Amino acid sequence: MTPKEKMAIPPQAMPEQDAAVRARNMNEVALGYTAEMAKTEASRCLQCPTKPCMQGCPVAINIPGFLAKAAEGDFASALDVIKETSLLPAVCGRVCPQEKQCQKFCTMGKLLKDVDKAVAIGRVERFCADLARETGAEKPVACAPKTGKKVAIIGSGPASITCAADCAKAGHDVTVFEAFHRCGGVLVYGIPEFRLPKAIVRHEIEAIKQLGVKIENNFVIGRTRKLRDLIDKDGFDAVFVGTGAGLPKFMGIEGENLNGVFSANEYLTRANLMKAYLEGSADTPFWHGKRVAVLGGGNVAMDASRMALRLGAEKVYLVYRRSEAEMPARKEEVHHAKEEGVEFHMLENAKRVISDGKGAVAGLECLKYELGEPDASGRRSPVAVEGSEFVLDVDTVVVAVGNASNPLIPTTTEGLEINKRGNIVVDPETNMTSIPGVFAGGDIVLGAATVILAMGEGRKAAAGISAYLSK
Amino acid sequence: MNRIISKSRLSDNVYKMQLEAPLVAQERKAGQFVILMVDDELGERIPLTIADADAEKGTITVIFQTVGATTTKLSRLEPGDSIAALLGPLGRPTSIRGENGEKPGHVVCVGGGIGVAPMHPIAQALKAAGNKVTIIMGARNEGLFVMKDEMAAIAGENLILMTDDGSSGRKGLVTEPLKELCEAGAVDEVIAIGPPIMMKFCALATKPYGVKTTVSLNTIMIDGTGMCGGCRVSVGGKTKFVCVDGPEFDGHEVDWDQMLSRMGAFKPQEQAAKEHVCKAGIFK
Chain A
1 MTPKEKMAIP PQAMPEQDAA VRARNMNEVA LGYTAEMAKT EASRCLQCPT KPCMQGCPVA
61 INIPGFLAKA AEGDFASALD VIKETSLLPA VCGRVCPQEK QCQKFCTMGK LLKDVDKAVA
121 IGRVERFCAD LARETGAEKP VACAPKTGKK VAIIGSGPAS ITCAADCAKA GHDVTVFEAF
181 HRCGGVLVYG IPEFRLPKAI VRHEIEAIKQ LGVKIENNFV IGRTRKLRDL IDKDGFDAVF
241 VGTGAGLPKF MGIEGENLNG VFSANEYLTR ANLMKAYLEG SADTPFWHGK RVAVLGGGNV
301 AMDASRMALR LGAEKVYLVY RRSEAEMPAR KEEVHHAKEE GVEFHMLENA KRVISDGKGA
361 VAGLECLKYE LGEPDASGRR SPVAVEGSEF VLDVDTVVVA VGNASNPLIP TTTEGLEINK
421 RGNIVVDPET NMTSIPGVFA GGDIVLGAAT VILAMGEGRK AAAGISAYLS K
Chain B
472 MNRIISKSRL SDNVYKMQLE APLVAQERKA GQFVILMVDD ELGERIPLTI ADADAEKGTI
532 TVIFQTVGAT TTKLSRLEPG DSIAALLGPL GRPTSIRGEN GEKPGHVVCV GGGIGVAPMH
592 PIAQALKAAG NKVTIIMGAR NEGLFVMKDE MAAIAGENLI LMTDDGSSGR KGLVTEPLKE
652 LCEAGAVDEV IAIGPPIMMK FCALATKPYG VKTTVSLNTI MIDGTGMCGG CRVSVGGKTK
712 FVCVDGPEFD GHEVDWDQML SRMGAFKPQE QAAKEHVCKA GIFK
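Chains A and B, in that order, are what the protein sequence lines are. Note that this note's numbering numbers the first sequence so that position 271 is 271, with each residue one more than the last. Note that this note's numbering numbers the second sequence so that position 62 is 533, with each residue one more than the last.
Keep in mind the hints are simulated off the structure, nothing from the lab. You may find that some hints are simply not true.
[As the list claims (entries may be wrong)] Pulled a few chain B residues facing chain A out of the computed Cβ check, cut under 8 angstroms:
(1) Ala556
(2) Thr696
(3) Gly701
[Claimed, not checked] Dumping the calculated DSBU-like pairs for lysine-lysine here, alpha-carbon to alpha-carbon at most 35 angstroms:
(4) Lys500/B - Lys209/A
(5) Lys315/A - Lys709/B
(6) Lys214/A - Lys528/B
(7) Lys149/A - Lys500/B
(8) Lys209/A - Lys528/B
(9) Lys104/A - Lys331/A
(10) Lys51/A - Lys100/A
(11) Lys249/A - Lys100/A
(12) Lys358/A - Lys315/A
(13) Lys351/A - Lys709/B
(14) Lys711/B - Lys249/A
(15) Lys709/B - Lys650/B
(16) Lys745/B - Lys358/A
(17) Lys198/A - Lys51/A
(18) Lys249/A - Lys500/B
(19) Lys671/B - Lys249/A
(20) Lys471/A - Lys420/A
(21) Lys209/A - Lys544/B
(22) Lys487/B - Lys233/A
(23) Lys198/A - Lys209/A
(24) Lys69/A - Lys331/A
(25) Lys750/B - Lys198/A
(26) Lys738/B - Lys315/A
(27) Lys574/B - Lys226/A
(28) Lys711/B - Lys226/A
(29) Lys487/B - Lys214/A
(30) Lys4/A - Lys69/A
(31) Lys315/A - Lys338/A
(32) Lys358/A - Lys750/B
(33) Lys544/B - Lys226/A
[As the list claims (entries may be wrong)] In silico negatives: residues of chain A with every beta carbon more than 10 angstroms from chain B:
(34) Pro10
(35) Ala60
(36) Gly136
No experiment lies behind these values; they were computed from the predicted model shown. Idealized CB from N, CA, C, for every residue including glycine.
Could you build the full structure based on these sequences and the hints that come with them?
In structure tokens form, the structure reads like this:
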């Protein structure tokens, strides 16, 4: 096919549940491509010799390489190419912000002058991974001969899963320590079922167990055992800290501790991990607000808004102090949230939570904002408009303005260097911390970031660990 | 893992269980707690303070009252059964007077209801650090006292029993002898553990005397590691997480009304869940 012919192929839309229906159920919103659609979409790839898309991928997947295989209908080989550098394609195909990564650089998108018309790389990636999982066609992974070295992995989110898998493949004896009763970290407590089915996460956890990785749930390093004890007493040769951000930020406004105000972490954990959506079966109670305000503009804010709808809210307001262009959320999530009926309140911000006089939320006083000069992040900074106060009539407020880094490991581990934001300081090449043999990666190092970046960090740390252990 | 070694019923709705938890038993210090789940599919996560531990045997003791669905389900388990999930020890250990440089002195421990259970290891540690320990125990009636003998072994003649109906010890509230002791001027520190309302009034009682008063809060929690923020309370005008910043705080600084209100956030659902559990099972 000539480039011109390729340009004429229509971008394949993702089949989805109807917005009105899905806004009231927990099933996955995006249903996935058919084989024919995946093939067609992959064949839109121009196979640019410079591979610009790869610069946008944090783990540098050979994107044209896998798309070429997919375009031939050889999805198994396509998956092999992806797995050369990425471990969790079924997850990343769903949750990566592709429009800011690979697809942002896609020549097809540039030619058609619309990033939304770039090759839908993530969707094809997802199809390849789903097909192999659903048909049991995943190839067994070979592990290197045993090295006799023991590696402890703290946490079981994306960074940790990746690091554990790579360490096991390198022949090390790996144990994962997870504080929760289920593995997956943010993939199970944070990201909802309707965006990332938990069966996929379970499958990935099973896959690392198949590699011989041992898992200790209900085990919190820093409390059940100190990090240094793992090395000094328990015979571990190296440790990876992948404990994530995990300390919710609040706004610091009046009324924030009223009943009905939740961190997005709590709101989503109750609904997802603790299964509060199974009304009448789960013991963990849920706050069934009728009118919910969600504060923030990231993916977590979208998840919380859409969860509120699914758990019976009549009105959901998304309050964000900048404009939609500055929103850090994935475009697709913004689009889905709107379709489902979340009402967007841009350039507004909460000033105080109003009490009903009995300890619960009776409303949210907000201020209008306008955009001023660009700030340190490069985004135009929001400035409050004086005297613009108004009240949103809500009974629930969910605060989704990000996470700071969890202090549990740094405060219980002597000699572990952290920066002023509380993130662990690592060598950028090896991800080793200030303590020899102790490595870290993911949000605990980066601050709140994305699944794919965390995964890339886990992979880099695993290489660092192997190099350290072979000395 | 997490096997129940022994179980006894201390009063109508209070149970004591010894659980196999070797790592927790080894690491725990006075004032710390565990989070447990009776069912790790659909169960909830609840915090329980560690009342005692035996590092050699690898066991911890918890004492709990059947107040909700999970504690009711827990009370129905028997020795040999296992707890589905047990995480700990969590929270910061109690700062024991005399252990961190300051001089030992006279410490009054106030335990209300089953708050006596978490007080036990603290009182033990205070005594071991060379303090004079006075223990005030309060209950509605004589039958509701827990661990009376254990506390008597620590406090000796300085054990003061208070009941609402006068069926044992003095009739009245724990705040009465607390005030008298403060009035006499010989109290260096107070630790109060029990129902929030009792802790609130203990803090109010000691405030005029300027006696440092530490309380241990048992708020609603999910993860217990600082991730959810569900346990937050205002202390000295600042928001604190009970799971990682506590569970112990300066009682004079805690916003009690807010804390009491937050404890009741899910009351209707909790009540319905408990009724469901009670009807579904045979109450032993």
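Which hints, by number, does the structure contradict? none
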